[in-house]
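K.L.:
So the sequences go chain by chain: A and B.
With the first letter of the first sequence counted as 1, position 59 gets the number 59 in the UniProt record's numbering; the numbers rise by one all the way through.
With the first letter of the second sequence counted as 1, position 218 gets the number 218 in the UniProt record's numbering; the numbers rise by one all the way through.
Note that these hints are calculated values from the structure, not bench results.
Calculated pairs, DMTMM-like style, for lysine to aspartate or glutamate (alpha carbon to alpha carbon, straight line, at most 20 Å):
(1) B:K37 to B:E332
(2) A:K57 to B:E332
(3) B:K207 to B:E76
(4) B:K258 to B:E270
(5) A:K57 to B:D334
(6) B:K37 to B:E178
Not close to chain A: a few residues of chain B, all C-beta gaps over 12 Å, as computed:
(7) E75
(8) R84
(9) G133
(10) L155
(11) I167
(12) G179
Where is the CB? At the ideal position from N, CA and C, for every residue including glycine.
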Amino acid sequence: MWLLLSLSLITIAIINGKHIYKTYEKKDLVVFSLVYFLSTIFAIALFLELPIPSPLKGITFIYQPLLQLLSM
Amino acid sequence: MNNQVKLNQRQFGLLVMLFVIGTSILLTPSSATGAAKHDGWIGVILVLPIGLLYLWCLNRISSKYPDCNLLEINEEVFGKWLGRFLSFSIGFFGMITSATVLYIIGDFMAMNILHSTPTVYINMLFMAVIITGLFYGLETIARTAEIFVPWILVLLVFIILASLPNINLHHVRPILEEGITPVLSATLFELSNSTLTLFILLIIYPKLVNKNSKLSKTLFRPYAIGIFFTTCITFITITVLGDTLTSIQSVPTYMLAKNIQLEGMIERVEVVLAISWILTVFFKLSLYFYGTLQAFTHAFHITNYRLILVPMAIVCICLSLIVYPNVLFASEWDSTTWIAFSVTFGGVYPLLLWIVSTIRTRLSWSKSEETTNDK
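Can you make the complete structure from the sequences, with help from the hints?
P.N.:
This is how it looks when you write it as structure tokens:
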């Protein structure tokens with residue numbers, strides 16, 4: 001499973017990166033690598049079943065006072 | 001590269017229509033009847049005047065800056081940093097919304113059609129199609145819409161017509177039995193689902209569309225057709241299944257299509273509905289995701305949205321797996337926080353934009369010297 005995940009992530013990165021390297025400038029490749037790196041970290045964290053909370057819970061927490069005010 | 005994209009009015013109108021039909025064709029009957037019981041269809045039809053007014057207001061905002069999209073208006077009105085921050089928040093909103101839509105389609109497929117396939121793979125496959133579509137660009141998606149709209153409409157009309165023999169008007173009989181208040185809450189729900197998210201189309205609308213015909217043709221008529229279909233489906237679902245059965249189903253329209261039996265010849269046509277639904281969701285998700293990518297691109301000044309397309313798709317797939325921890329949370333989120341969330345972005349934010357831009361134009365009028373600098 002680890003092999004499959006890493007292989008697919010690397011393959012996607014190579015194919016996409018090659019295209020970007022040919023079409024765009026060097027700066028853009030750096031941007032792509034950075035964003036891709038971050039998203040890969042997110043995917044791997046999810047794969048390791050780390051307890052990532054749902055972002056909706058944070059949004060609910062922010063809106064909680066407003067909603068309570070409206071319902072009263 | 002982005003500036004070469006031009007849609008014509010008809011293509012954009014079709015995109016608006018598909019955006020409105022989108023997820024609501026399958027989910028609205030359940031939520032509307034949950035809020036207003038057998039009067040749910042009145043709640044859905046009340047969305048139409050409010051939505052048309054809303055679209056008119058959106059168009060007023062965008063017509064002030066005909067050569068900018070929403071994110072550039074942001075930067076012009078609120079200044080550089082606040083504008084960028086708002087663009088980033090729009091991106092965040094779009095990301096959350098795309099993740100929820102992806103979750104909904106994955107959940108639907110796993111529950112009803114592909115029973116033993118893990119949801120991750122369905123989400124990945126669906127996202128792969130969207131990556132391909134967005135990689136070719138918005139024009140390609142618009143042309144795809146032109147190809148598929150007849151199919152979607154014919155299949156929907158077929159479902160509606162074939163359900164007509166099963167209609168039982170007793171299910172809706174005491175109209176407005178419990179007063180107007182629950183109906184209005186159903187309206188609010190449907191409004192937040194299909195209409196208030198339309199502001200994300202302002203990223204496309206004034207800038208990337210050829211201007212050669214009237215507003216009614218571009219925005220109002222497709223919107224009205226979309227709401228009309230949603231109302232039809234809601235009404236028929238309530239009259240065929242009854243309000244109790246409709247409100248406890250997660251996808252009542254699919255159940256409705258299962259009930260179709262024409263002379264023992266045409267049976268089990270539910271996949272027909274599923275096909276048209278998958279197609280509409282494809283366009284809705286593409287537009288959301290396009291909006292998200294454009295927002296992030298503007299916020300971080302990236303050259304082209306294609307650079308972050310694949311990484312953001314990976315983030316979207318991951319998010320779609322964790323957005324709803326369980327079904328209970330999903331239903332509670334949909335009926336409380338989601339409404340407030342979408343009102344903030346779809347209602348308060350354009351209002352703020354309008355007020356601030358009006359004040360800015362007034363100020364620049366009074367200081368007549370600075371008018372040339374400001375614009």
